[in-house]
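Colleague: Below are the chains, spelled out letter by letter.
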Amino acid sequence: MTISDIKNILDCMVLCGEDRLGTDINTADGADMMSDVLAFASEHGVLLTGLVNSQVVRTAEMMDITCIIFVRGKTPDQSIIDLAGNCGIVIMKTREKMFSACGKLYEAGMRSGASGT
Amino acid sequence: MSAIELKYAIPGDDFTRAGEASSSIKMRLKQMGFDPCFIRRVAIAVYEGEINMVIHANGGEIVVNISPASTDITLTDDGPGIPDVELAMKAGFSTAPENVRNLGFGAGMGLPNMKKYTDEMDIQSEVGVGTTVRMKVYANAT
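Chains as they are written, first to last, in my numbering: chain S, 1 to 117; chain V, 1001 to 1142.
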């Protein structure tokens, strides 16, 4: 599944990294606690979160996460978008809530890459 | 490649800047051509430590020594210290205040995670004096 496929499934708006929508994604994880993301998420996946601050991008950077999707229509400020751009991370937002966003991706064949859970 | 040392002063009063040192270290390791899995392990361990310094110790210092075989990370702060290191190492144990949890941290996974991603880890802490965490990651470890 590509980021573009995910964009269509969740009706996302792309905020950063439009040129990388063709990137393949095999795993997704959803969390608001970055502590959990740092402990369990897999690399090269998608992170769905309702948390909006710069540490979401820093966490994704350290974890080699490819794409961040902010749920519930949350919009990060420009400094967060710029930081993601510098890190080569795609940022999108969707009106879907966390539960429904994860459910729709699961239904489309996406699975969690989380380890240890 | 000869060994190099990187030093970073971590400000304790600006959560938005937390992670800048870890990002810089990760960039240097990439430029030096290390394996991505090795870089990821170092980056996560340092980032967890950097966040801890900002949350608990009002900042501190990170020193990283990079050689072809391994990377040594030393985190030093003069914060309140850890009264019970063994307890602090338990997954889920946290003393982080509510405002820190609202920022996505303080789940009690930081120290266990640092141990998980490194090959060696040692914590020396004295209440009222500060904490020093030393970690080592071998470049050829799996």
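Please note that the accuracy of each hint is not assured.
Unchecked claim - Derived pair list, reagent style DSBU-like, types lysine-lysine, alpha-carbon separation capped at 35 Å:
(1) 1030(V) to 1007(V)
(2) 104(S) to 1007(V)
(3) 1007(V) to 97(S)
(4) 93(S) to 1116(V)
(5) 1136(V) to 7(S)
(6) 74(S) to 97(S)
(7) 1136(V) to 97(S)
(8) 104(S) to 7(S)
(9) 1116(V) to 97(S)
(10) 1136(V) to 74(S)
(11) 1090(V) to 7(S)
(12) 1136(V) to 1030(V)
As the list claims (entries may be wrong) - If we take Cβ atoms under 10 Å as the criterion, some of the chain S residues that face chain V in the derived model are:
(13) 27
(14) 43
(15) 49
(16) 61
(17) 64
(18) 110
(19) 112
(20) 114
Everything labelled a hint here was simulated from the structure, so no lab data went into it. The C-beta atom is built at its ideal place from N, Cα and C for all residues, glycine as well.
Colleague: Any hints from earlier that this structure breaks? Give me their numbers in increasing order, please.
Modeller: Going through the list in order, the structure violates hints 2, 3, 5, 7, 10, 11, 13, 18, 19, 20 and respects the others.
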